Amino acid sequence: MLWHSFSIVMDFKNITLVLITLILCCCVQSEVDIRADKVNSHRTHLSDSNNLERTSSDKLSELNQALRNKTLENYAQLAYQKNRLHYSLGQFDSLAHFHRKFFLKTDLKVDSYYAAKQYYLMGYYYDQIVKDSDSAFKNYTISKNFYERIGDSSWVGRNLLNMGTIQKDQSDFFGSKETLTESLKYLQPIKDDRHISSCYNILATNHRKLSNLQDALKYYSKAIRTTNSPSDKLIYQNNLTATHIDNKQFNIAIQLLQKITKDSLLIINEKEYARALDNMAYAQWLLGEKLNEHAFLNPLLIRKESNDKRGQIASYTRLGEFYSKNAPIKAKQYFDTVIQLSKAIKMPRAEKDALKFLMSLEPKNVGLRDRYIFLQDSLYSQGLKVKTQFAKYKYDDKLKQESILRLEKENTEKELEASRQRNQKIIYLGGLLFITSILGLSLYGFRQRTKRLKQKSKVEKLEAIYEAEAQLSRRLHDDYGGKINQTMLMLQRGTDKSAILDKLETVYNQIRSFSREINTVDTGPDFWNSLKATLEYLKPVEVEMVFDGGKELDWSLVSRQAKTIIFKVLQELVKNMSQHSKAKQTVILFRDKKKELSIYYEDDGVGASKKSLLRKNGLRNTEKRIQALGGSITFDSEEQKGFRAEIRIPK
Amino acid sequence: MFKKVVLVEDFQGENQGIAETLTEKLAIEELQSEFYCDKAFNRLKVALKKNEPYELMVTDLFFEKDHVDRKLTSGRELIKLARAQQPGLKIIVHSMENNPIYVNALFKEHKINGYVCKGRRGMVELVNAVNEVFHNRTFVSAQLNLTAANNTVELDAFDRAILKELANGLTKKEVSAKFKKENRTPNSESTIDKRISKLYDEYKAKNTTSLLFKLAKEGKI
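Residue numbers (the numbering used here), protein chains in the order written: chain A, 4 to 654; chain B, 2 to 222.
Because the hints were derived from the structure by calculation, they are not lab data. A portion of the hints provided could be inaccurate.
What the hints assert, rightly or not - Partial pick of chain B residues on the chain A-facing surface, computed with a CB cut under 8 Å:
| no. | residue |
| --- | --- |
| 1 | Ala106 |
| 2 | Gly120 |
| 3 | Met124 |
| 4 | Val154 |
| 5 | Leu213 |
| 6 | Leu216 |
| 7 | Lys218 |
To be verified - These stretches of chain A come out as covered by chain B in the derived footprint (C-beta under 8 Å, 3 or more residues):
| no. | region |
| --- | --- |
| 8 | 348-354 |
| 9 | 497-510 |
| 10 | 547-559 |
For clarity, every value in this text was computed on a predicted model and none was experimentally measured. From the three backbone atoms N, C-alpha and C, an ideal C-beta is built for every residue, glycine too.
Using the sequences and the accompanying hints, generate a full structural model.
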């Protein structure tokens with residue numbers, strides 16, 4: 004994808020600039036010469052200039068010297084040059100050895116360019132010298148990837164072209180088609196014209212082998228149109244006519260061949276000349292023209308002279324065909340020769356074709372049929388194997404590429420994320436530390452404070468409770484216990500029954516009021532009425548009592564404890580007033596101050612000194628209760644000048 | 002006499018005593034005694050549904066809390082609900098409470114028919130009360146004086162406004178004039194006069210005015 008868009012950029016944007024860069028690249032790559040060397044498959048390969056052998060070995064020793072000095076800056080370049088020289092000098096062992104070494108010491112990310120070249124060199128080595136198509140294919144694939152990385156579109160295309168050629172030679176026509184189509188996308192017009200036409204040629208061959216004759220004709224024509232090389236053009240034209248023959252368009256084939264055979268260039272190229280002659284004879288024979296066997300023997304002779312084994316096989320096959328009608332024995336001899344030759348140069352396909360003809364000549368020969376079936380089966384399974392193998396290479400490679408890209412992306416993302424997280428962590432940690440220390444400190448302070456306060460209020464509450472209990476017990480004993488004791492004495496003395504009953508009734512009434520006094524306060528919705536009634540009832544009838552603000556106050560917003568305390572305090576004050584003060588008038592003001600209540604009490608009684616006030620148990624008790632709730636009570640009194648109290652209590 | 006009576010009293014001894022007294026002395030045919038307000042209320046409800054309603058309820062005001070969960074916690078609540086459910090029911094309260102203000106409230110708000118204070122003469126009074134109530138009269142224990150003036154005043158906003166003006170040294174007339182000027186109602190001289198006499202003159206004690214007046218002057222009112 005990346006490449007695709009890259010090539011678009013090249014096509015439409017600054018094409019001149021790119022071309023300049025590419026030309027510069029070509030100058031750097033000038034040591035690599037490409038030329039066609041085969042008839043059917045057209046490969047790029049390295050020049051092998053023998054006349055430079057001496058200088059090459061001189062250069063090699065220089066390189067070795069340089070490499071020993073470990074000038075690592077341009078190690079990849081030097082190592083590649085060394086490997087190239089090893090190759091051109093035929094020192095293949097050294098090549099393989101230094102190939103491995105090259106990758107041990109080279110950072111492939113930095114030196115992608117030389118890595119690409121190195122792999123191409125190795126691919127070419129396996130392809131041309133070792134004839135190991137698998138290894139060649141692999142190396143070309145890797146080279147292609149490196150060229151992709153550095154953005155050399157042209158060389159990606161060339162690698163793909165070589166790969167496609169290998170696939171075609173291994174009969175993986177479908178795979179080859181695919182690879183070559185891809186190659187066409189990368190090859191650059193003008194600069195790669197030769198490769199482009201070669202590509203069309205091989206594509207056409209694939210189609211021909213797959214019996215898509217129309218497509219084959221189309222692509223051969225394209226190859227002929229695009230090529231600038233006259234010799235290549237001849238080859239393509241030969242291919243084209245062969246296809247026409249396949250397509251039974253003999254007249255067209257003959258016309259074309261007549262044109263070609265007149266070309267002076269063809270006569271120099273014996274191989275193609277023999278092929279043209281052979282095809283011509285074959286087309287004419289198939290057309291039904293009366294032919295001398297010399298028409299076929301002539302090209303065979305040329306082929307024998309030029310030691311073109313493949314060509315000879317083709318010639319023998321045609322001779323066999325030519326004789327099969329009239330001279331079966333001669334035909335059989337030719338086919339036998341084909342079989343022997345094809346076995347020698349390992350061309351099972353040719354052997355299979357010969358067997359096919361032989362079988363029709365000798366229908367009863369089981370051996371021939373068995374061999375034919377065997378060959379067909381093994382060819383089929385081999386083809387299948389090859390197909391899946393190359394597909395696998397390409398697929399694996401694609402997966403690998405994708406995973407590398409993904410990994411690289413993930414890595415950078417991870418690094419970014421990691422650094423971000425590191426920063427965040429530092430910030431968070433710092434913040435957390437800061438917050439925790441502040442929280443810890445404040446929590447500690449708060450705890451200490453609440454502890455202190457709790458303890459204080461707890462102590463106060465407990466004290467209040469103890470004092471209330473003590474007071475109650477004193478009252479029980481002093482008031483009621485005493486009176487009951489009196490009644491007992493009266494009974495013992497035999498006092499009048501009604502007198503005793505009267506006495507008992509007073510005790511009962513006193514206990515009743517005592518009980519009511521210490522009873523739980525009604526803090527519900529009736530609080531105000533209940534409080535007012537209680538206070539009214541407590542006061543002597545003749546004492547006037549003025550309430551202000553209690554009715555308007557929203558008592559539902561006041562806490563239960565506060566209500567209880569208010570009830571008890573006022574009860575105590577009014578009781579005190581009615582017992583000792585000789586007051587004539589009392590005013591009780593209630594004021595709502597948002598968060599707290601303020602209650603003002605005043606009477607016009609005789610008043611009391613603070614000392615005497617504090618001696619009073621009931622009041623001291625209430626003071627403690629109020630303080631336990633966080634409120635306050637202040638008394639203000641002078642003798643003969645009335646009594647005032649102000650209570651503040653949180654709601 | 003009443004034929005169907007429900008008695009609500011949480012002290013067992015007392016409950017039994019009352020029940021015996023009532024059945025012996027008044028020959029009440031069906032007397033149901035209950036210890037809890039909730040149960041008593043259910044009795045009333047069921048009887049009313051069956052169209053055999055109770056005619057009288059005798060109840061205490063205070064019920065002590067025990068292990069049984071309760072919805073109705075006081076005689077006051079029971080009375081309120083019973084009255085709402087069955088307006089014709091006669092109710093006599095028999096309680097320790099002798100605060101006339103409370104008792105008055107029960108008569109006014111819940112239209113109880115009799116109030117008997119627990120005490121030495123409690124049983125006698127209760128029997129009398131049932132008799133009186135049966136004849137559609139009310140009964141209140143002799144010891145309670147519900148009609149006596151209790152000398153209590155609760156100020157309202159109008160009172161406060163008048164007091165403030167008086168504390169500022171204005172006469173009744175001037176107060177009336179000021180209120181009229183400020184469009185405050187009521188503002189007639191007579192109304193203000195009435196209020197002032199209530200605050201000042203209703204009480205016999207001479208120092209009545211002084212305390213309120215003083216507080217108003219101090220800004221406390």
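Evaluation of the provided hints:
no.: 1; hint: Ala106; verdict: 7 Å, holds
no.: 2; hint: Gly120; verdict: 6 Å, holds
no.: 3; hint: Met124; verdict: 13 Å, violated
no.: 4; hint: Val154; verdict: 5 Å, holds
no.: 5; hint: Leu213; verdict: 6 Å, holds
no.: 6; hint: Leu216; verdict: 6 Å, holds
no.: 7; hint: Lys218; verdict: 13 Å, violated
no.: 8; hint: 348-354; verdict: violated (count 0)
no.: 9; hint: 497-510; verdict: holds (count 3)
no.: 10; hint: 547-559; verdict: holds (count 8)
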